[in-house]
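Single-letter residue listing:
Number of protein chains: 2
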Amino acid sequence: MSSEIFLTKDVKSDLTNYLKGKQYSEICLLTDQNTGRYCFPLLSELFPKASIIQVEAGEEKKNLSTSEKIWQKMTDFQLDRKALMLNLGGGVIGDMGGFCAATYKRGIDFIQIPTTLLSQVDASVGGKLGIDFKNFKNHIGVFQVPKAVFIDATFLKTLPPAELRSGFAEIIKHCLIADKTQWEKISKKTLTEQNLQELVAHSVKIKEQIVQEDPKENGLRKILNFGHTIGHAIESYFLEIPDKKLLHGEAIAIGMIAEAYISIKKGFITLEEAEQIKEYILKIYGRVDIFEFDIEKIIPLTLQDKKNENNKIQCSLLEKVGKANYNNPISYADIKEGISYYNS
Amino acid sequence: MSSEIFLTKDVKSDLTNYLKGKQYSEICLLTDQNTGRYCFPLLSELFPKASIIQVEAGEEKKNLSTSEKIWQKMTDFQLDRKALMLNLGGGVIGDMGGFCAATYKRGIDFIQIPTTLLSQVDASVGGKLGIDFKNFKNHIGVFQVPKAVFIDATFLKTLPPAELRSGFAEIIKHCLIADKTQWEKISKKTLTEQNLQELVAHSVKIKEQIVQEDPKENGLRKILNFGHTIGHAIESYFLEIPDKKLLHGEAIAIGMIAEAYISIKKGFITLEEAEQIKEYILKIYGRVDIFEFDIEKIIPLTLQDKKNENNKIQCSLLEKVGKANYNNPISYADIKEGISYYNS
Chain A
1 MSSEIFLTKD VKSDLTNYLK GKQYSEICLL TDQNTGRYCF PLLSELFPKA SIIQVEAGEE
61 KKNLSTSEKI WQKMTDFQLD RKALMLNLGG GVIGDMGGFC AATYKRGIDF IQIPTTLLSQ
121 VDASVGGKLG IDFKNFKNHI GVFQVPKAVF IDATFLKTLP PAELRSGFAE IIKHCLIADK
181 TQWEKISKKT LTEQNLQELV AHSVKIKEQI VQEDPKENGL RKILNFGHTI GHAIESYFLE
241 IPDKKLLHGE AIAIGMIAEA YISIKKGFIT LEEAEQIKEY ILKIYGRVDI FEFDIEKIIP
301 LTLQDKKNEN NKIQCSLLEK VGKANYNNPI SYADIKEGIS YYNS
Chain B
1001 MSSEIFLTKD VKSDLTNYLK GKQYSEICLL TDQNTGRYCF PLLSELFPKA SIIQVEAGEE
1061 KKNLSTSEKI WQKMTDFQLD RKALMLNLGG GVIGDMGGFC AATYKRGIDF IQIPTTLLSQ
1121 VDASVGGKLG IDFKNFKNHI GVFQVPKAVF IDATFLKTLP PAELRSGFAE IIKHCLIADK
1181 TQWEKISKKT LTEQNLQELV AHSVKIKEQI VQEDPKENGL RKILNFGHTI GHAIESYFLE
1241 IPDKKLLHGE AIAIGMIAEA YISIKKGFIT LEEAEQIKEY ILKIYGRVDI FEFDIEKIIP
1301 LTLQDKKNEN NKIQCSLLEK VGKANYNNPI SYADIKEGIS YYNS
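From first to last, the protein sequence lines are chains A and B. Sequential numbering from 1 applies to the first sequence in the numbering used here. Sequential numbering from 1001 applies to the second sequence in the numbering used here.
Everything labelled a hint here was simulated from the structure, so no lab data went into it. Please read these numbers as outputs of a predicted model, since none were measured by experiment. Mixed in with the good hints, there may be bad ones.
[Claimed, not checked] No farther apart than 30 Å at their CA atoms in a straight line, the calculated lysine-lysine pairs in the BS3-like style are these:
#  : chain 1 : residue 1 : chain 2 : residue 2
1  : A       : Lys216    : B       : Lys1216
2  : B       : Lys1297   : A       : Lys82
3  : B       : Lys1082   : B       : Lys1022
4  : A       : Lys312    : B       : Lys1283
5  : B       : Lys1069   : B       : Lys1180
6  : A       : Lys69     : B       : Lys1245
7  : A       : Lys134    : B       : Lys1012
8  : B       : Lys1022   : A       : Lys265
9  : B       : Lys1157   : B       : Lys1049
10 : A       : Lys134    : A       : Lys189
11 : B       : Lys1082   : A       : Lys323
12 : B       : Lys1082   : A       : Lys216
13 : B       : Lys1216   : B       : Lys1244
14 : B       : Lys1134   : B       : Lys1022
15 : B       : Lys1312   : A       : Lys73
16 : B       : Lys1022   : A       : Lys312
17 : A       : Lys147    : A       : Lys188
18 : A       : Lys216    : B       : Lys1049
19 : A       : Lys336    : B       : Lys1082
20 : A       : Lys245    : B       : Lys1073
21 : B       : Lys1265   : A       : Lys82
22 : B       : Lys1147   : B       : Lys1245
The following block holds chain A by itself, in its conformation from the complex (with noise of 0.2 Å):
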């Protein structure tokens, strides 16, 4: 089973052709006061008697108390299983409105219209759905596709820079892990000066690929994790220190190069070709500072990763650049190198 994917410029009307004729007894959209307030106008006309959920924006929301208010939502306009929920917002949205229509009455059909950069090229495909849990990244959830996505870049005119950085770190990875010709093109280039219509449809081309061939990540399909073991980590720890909280994005970036490094260490990448990507990822978003004292604390984090097995740390890594592979297992100490790689 797999999601129709629109890649449109006027979601109204694409969005207002798909559910002719469609039969759900019950429209509802979760958005968050974000894009309730700069997304929604674009499709409120649509939907006059639309139960709306709005809950608070941010990562930090993604949680279970926040899936309890929208269940509630759910519950008090009393939708039944033939209705329909519709999920405006950035991954946050995407994740834990998918999981909550996926859960709901044992699951509700549920359609992904992601706003962020990140989310388009990224979170929206593939049915991986969840809520952090104490911490731990999209640690409750499920797989499951939306109907449908609708991606439209006009939404990405609303979307703050850093916003927009954080989303092309996974524009950057599936260049990494797919197509060597592309990102030796989008390295030459700032992020300003990228043709963002055209990478979010390569990336979402590539993702759609490697997750049709493996829709619950038993294998192929962790390879679009690398740079996420040490990613996650890193993200989760910042999470938890209110004035060096990262973007997703901005903490894969960091991941990514720290992986890459491993990937040198395991005789995949040159040193040349790490430098290369550790240069170009440091121009785009500039470098956080990470002590001693707390790489000590994100290694740990890593054991929760859900790609380990047997609490070995299960990494995908650069065989070369292009191309990933993934189930290597990495040590403590492989990660402390990676992250003072990224330092250095």
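Starting from the known structure of chain A, arrange chain B on it as the hints suggest.
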């Protein structure tokens, strides 16, 4: 995808054989204080290293707060995605433990070991998982089949009579919706005269066949809900009244009488057939006082039934004795008359 079902008289040795050669990274076992005391000793030898999670017993604990405790324990045990969860207990443990397993890190394998008659003939087969939410039964959940189900009659010996009676309601239901001959056989005997082991096998076979034809309850599977539209509402209502709390099967027994009456009204079965059903059920279960003011509060609770569509209450009814149909729209008046018939 379906589960392997083992009807066994020696769960210990059959489970040992089953697990031989399986490569689980860890086995975690969920019990409540009752099954921990009466059932776990049968298996404890097998799992010297098992991570045990024990929760409080009772339908009122089948909620988000207990699930959170289970997820927390699973996290504390650092279970990875290759871990296995064994749910040793009745329907509450199976539904909730299955739900927690199916959502932990987006899903780990689980095995059901139902220890009550009710869960042996009903909950353990078919992959309906979930928890209650603000008084709505199984409101949050997923469909996910266990890897295997081990049904051992030995466990029934540990059950109090009320529990046996509760489970027997689902056996009656399976006969009424799918096997007239068997209904005629069982309705000539008291509960203690029944051959439960044979009836468990009979019920499991009926349920399996139905579930295989329609795993996600788009159609046929709804017939398994005979007695449940009204029964669930009654169960939910009395859940709030400590000294009137009913076991699931006790509530379903009332629901079957009420819905048998509605089956007459719809021209499906005769008054005589409904009378036979009522008489037999009352003989086994006695009569519960349901007053006018109770009925007024019970009726709206049927609105949250998961089979409803477009705010219409959809009921599964007896087309004839030994055959059920589904998606019959019924009114508040029908429900009221049905419960009054029970009272008469």
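Exercise. Lys1069 (chain B) and Lys1180 (chain B): Cα distance at most 30 Å?
Worked result: Given that 30 Å is the threshold and the Cα spacing comes to 44 Å, the pair is violated.
For this session: Below or equal to 30 Å on CA atoms is what counts here, so check Lys1022 (chain B) against Lys265 (chain A).
Result: violated (33 Å)
For this session: Take the C-alpha atoms of Lys1082 (chain B) and Lys323 (chain A), compute the straight-line distance between them, and say whether it is at most 30 Å.
Result: Satisfied, since the Cα-Cα distance of roughly 26 Å is no more than 30 Å.
Exercise. Taken at face value, is the distance from the CA of Lys188 (chain A) to the CA of Lys147 (chain A) at most 30 Å?
Worked result: violated (37 Å)
Problem set entry | Restraint status (C-alpha distance of Lys1082 (chain B) to Lys216 (chain A) at most 30 Å) | holds (13 Å)
Exercise. For the pair supplied as a hint, Lys69 (chain A) and Lys1245 (chain B), is the alpha-carbon distance within the 30 Å limit?
Worked result: holds (28 Å)
Exercise. Under the criterion that the straight-line Cα-Cα distance not exceed 30 Å, is the pair Lys134 (chain A), Lys1012 (chain B) satisfied?
Worked result: violated (36 Å)
Exercise. Quick one, are Lys1082 (chain B) and Lys1022 (chain B) close enough, alpha carbons at most 30 Å?
Worked result: holds (10 Å)
Problem set entry | Lys1265 (chain B) paired with Lys82 (chain A) [C-alpha distance capped at 30 Å] | Roughly 28 Å separates the two Cα atoms, so the pair holds.
Exercise. Between Lys216 (chain A) and Lys1049 (chain B), is the straight-line Cα distance small enough, at 30 Å or below?
Worked result: At roughly 29 Å apart (the allowed maximum being 30 Å), Lys1049 (chain B) and Lys216 (chain A) satisfy the hint.
Exercise. Is Lys245 (chain A) close enough to Lys1073 (chain B), meaning Cα to Cα at most 30 Å?
Worked result: Given pair Lys245 (chain A), Lys1073 (chain B) holds - Cα atoms ~28 Å apart, limit 30 Å.
Exercise. Taking 30 Å as the top limit, are the C-alpha atoms of Lys1022 (chain B) and Lys312 (chain A) close enough?
Worked result: holds (19 Å)
Hints 4, 5, 7, 8, 10, 13, 14, 17, 22, counting from the list given before, are not met by this structure.
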